[in-house]
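> This is what each chain is made of:
2 protein chains.
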Amino acid sequence: MHKINVGLIGFGTIGTGVARVLIDNASVISDRLGAEVVLKRVADSDTVRDRGLSLGEGVLVDDAELILNDPDISIVIELVGGTGVAKDFVLKALGSGKHVVTANKALISTCGQELFEAAAENGLDIGYEASVGGGIPLLKSLTEGLVANRIESMYGIINGTANYILSAMTFEGRPFEEVLKVAQAEGLAEADPSYDVDGIDTAHKLSILLNLAYGIHLPPDNIFTEGIRSIAPLDIKFAEKFGWRIKLLAIARSGLNGIEARVHPAMISASHPLSAVEGAYNAVFIKGDAVGSVMLYGLGAGEMPTASAVVSDVVDICRNIQKGISRRVEPSYGVNAGAAEMAIKPMEELSMPYYVRFSALDRPGVLSKISGVFGEHGISLSSVIQEERKDGGIVPLVLVTHHAVESSFCDAVAEIETLDIVENKAVYVRIEENIGGAE
Amino acid sequence: MHKINVGLIGFGTIGTGVARVLIDNASVISDRLGAEVVLKRVADSDTVRDRGLSLGEGVLVDDAELILNDPDISIVIELVGGTGVAKDFVLKALGSGKHVVTANKALISTCGQELFEAAAENGLDIGYEASVGGGIPLLKSLTEGLVANRIESMYGIINGTANYILSAMTFEGRPFEEVLKVAQAEGLAEADPSYDVDGIDTAHKLSILLNLAYGIHLPPDNIFTEGIRSIAPLDIKFAEKFGWRIKLLAIARSGLNGIEARVHPAMISASHPLSAVEGAYNAVFIKGDAVGSVMLYGLGAGEMPTASAVVSDVVDICRNIQKGISRRVEPSYGVNAGAAEMAIKPMEELSMPYYVRFSALDRPGVLSKISGVFGEHGISLSSVIQEERKDGGIVPLVLVTHHAVESSFCDAVAEIETLDIVENKAVYVRIEENIGGAE
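Residue numbers (numbering that gives the first Met the number 0), protein chains in the order written: chain Y, 0 to 438; chain L, 0 to 438.
Some hints could be false.
Because identical chains share one entry, a pair is satisfied inside a single copy or across any pair of copies.
Derived pair list, reagent style DSSO-like, types lysine-lysine, alpha-carbon separation capped at 30 Å [as the list claims (entries may be wrong)]:
#1 K180 x K424
#2 K322 x K2
#3 K236 x K180
#4 K344 x K424
#5 K91 x K322
In short, the hints are calculated from the structure, not lab data.
Using the sequences provided together with the hints, build the complete structure.
Here you go:
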């Protein structure tokens, strides 16, 4: 049976999972592929730690060059992470005629074009299925399974940490900071949680999805991004009252005047399939003009789910190698000449309904004053809830607006925040009413 | 730009959808593919009916031979349906060196091996993504996206008609026959609904999934198949009480002693993601040893979703043609020499919990007698509900068993049905407790 040699750089959690899958499932993979995938070399600065699996003699080395310079290795798996040395490894691998597989969303979303061009110049493949949605066959579905469709919208829960925190806040009624600490203690959140809870990771992934769905290159820094730190248990309780759930979403929608791309918590109907995506699970709800609504659901992170995606990319490239070809599917629509640069709609011009909670004085005339400010900005209200009573004290006052333009809404809220009848900053959450429905 | 000619046989609902996608989305497809897919000829006995879209002059013909004998056509799309003339068309196309795409689950599940062998002999591809799960990129996910995994289990809601009927029965509390009539009036069910409501269609599709996941050929006729006709609104009400939903499932599970394959209605937890799959939607919940649980969800039938899948197969084959190759992915694991024939576990030996509803006399001692029969067959009960009172009359008596062996359970029920304290046949539904969980 034909053998294809693979080198793995980065032997941490995901790297260990990849090695485990390649070893444990070798017979399944070779049955399906018709060739043997051999993990010839693994490079990591730590060659000592016990990862609970045995590589062959001499396979584990501390020098990535032994992989990058090995002419017998056809595919390099980069699992170092980050955009520093990882980028060098990938460029060097491509420069030495090796295909690349990576799970590195930061690298692909910020330096993707450079890497894709290097791959194109050398006639090589670069697979990054694992960079979005962990083990979910998401990128392949977008680029192949749904290839006949114009993608109308994508709504993704693609950060397991943020979703875990929101789920726990919902089911346990505890505040963000408390749940975060538990998540950190359980290893589900980083010591610096910013990447996850402030939406940065989600924006990286959305940037990748935008490229594959629309052929546009929108750096994550240019994507409107808001995290979940301001959400309080109170907001989750009010959401329930309205029949909603709060989820951190990556949103992309194509319309007549361009593309919407944004990351923020959103109120969605509790009966929508995305609302049932709990804990560390991820899901992306995709609307295509032919296929209608499709949802892909699974574990968005973790050693083995991510390894499943990495190895599926490896097998994909092996299938090309078996047939003596490469680049059967362009790794990025962006390098495809036909892909048009489409305009991104400015966030401040978008229009949607909003949920907003003020801490307001419980005094006659307060609601009139606040709704008056909204009225002056052309915004009408669909609901008002003020349940607590504390005569002359501060109580939560919740308003839901009809469709309002983002900039007008923000101006109105800023103006209300200056009034002496409200305390603290307002908390607001955008409402997504029509996920997968017609625009 | 390179042109690839396609011929379409069968210009009914799905055929019209395929033509619509190929015409309306031609620019998207050619951008992504780097080649133009040309619908050169469409054959149908009805060349007169207005399908609401304009093919070019002379494209629509009434003779399939004009496609099968045209040396410029590389791919034949078969959308005639059934296993008669459709099979001849497919074999003839393969015999004339043309790749084939079909949505025909009956054909693939019953004659698949013959077609796969013909394709293999001629070095051709045969795509059938549309045969299971409509527009959901399901088969591609199984064979490519999840290729690194041993598939531990698959639980599918893969018949939209049956799911629509169960959803309507659940939300409207109406009986099967009534909901079926509405579905028939709305064109959601056939005049002879047997194919859908008796699980036959689901068994066809399960046969295809079994082949792709395990490399086994289990003809649909050999799959244990039970439909939904016996389910009453009363059973749905009791299910709700227990926190369950009733769904018609295709089930495949691999274990130490072989593979389980069965189609029947089942009680599943109301909080399981499959329970949220309503109406005409389909979903398959797949457990892989690396990836964990993955669910793929979307419209399982209909003109445009099915067309999306058909055209994705066409583009897949075009990508091979562009690279001068074919059979990059085996169309069936079954023709792969490495695929082992695995034993199918006999249905009567499986063990699971059961829900059973008797119409029993409301009289002291009845429960003792019935539970006594179960006890004699080694079956213990976890719950008993008899809410209605009708002294000396007939009332519903619901029992839930602990794990019981199918044959023992059926023997016990048959014995109880002969007792003069029960009337009519018992209604029972198998309980699936642990979908996607560990065995």
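> Taking the hints in turn, state whether each one holds.
Going through the hints against the structure:
| no. | hint | in the structure |
| --- | --- | --- |
| 1 | K180 x K424 | within (24 Å within a copy, 56 Å between copies) |
| 2 | K322 x K2 | both (13 Å within a copy, 22 Å between copies) |
| 3 | K236 x K180 | within (21 Å within a copy, 42 Å between copies) |
| 4 | K344 x K424 | within (27 Å within a copy, 63 Å between copies) |
| 5 | K91 x K322 | both (25 Å within a copy, 26 Å between copies) |
Of the numbered hints listed earlier, not one is contradicted by the structure.
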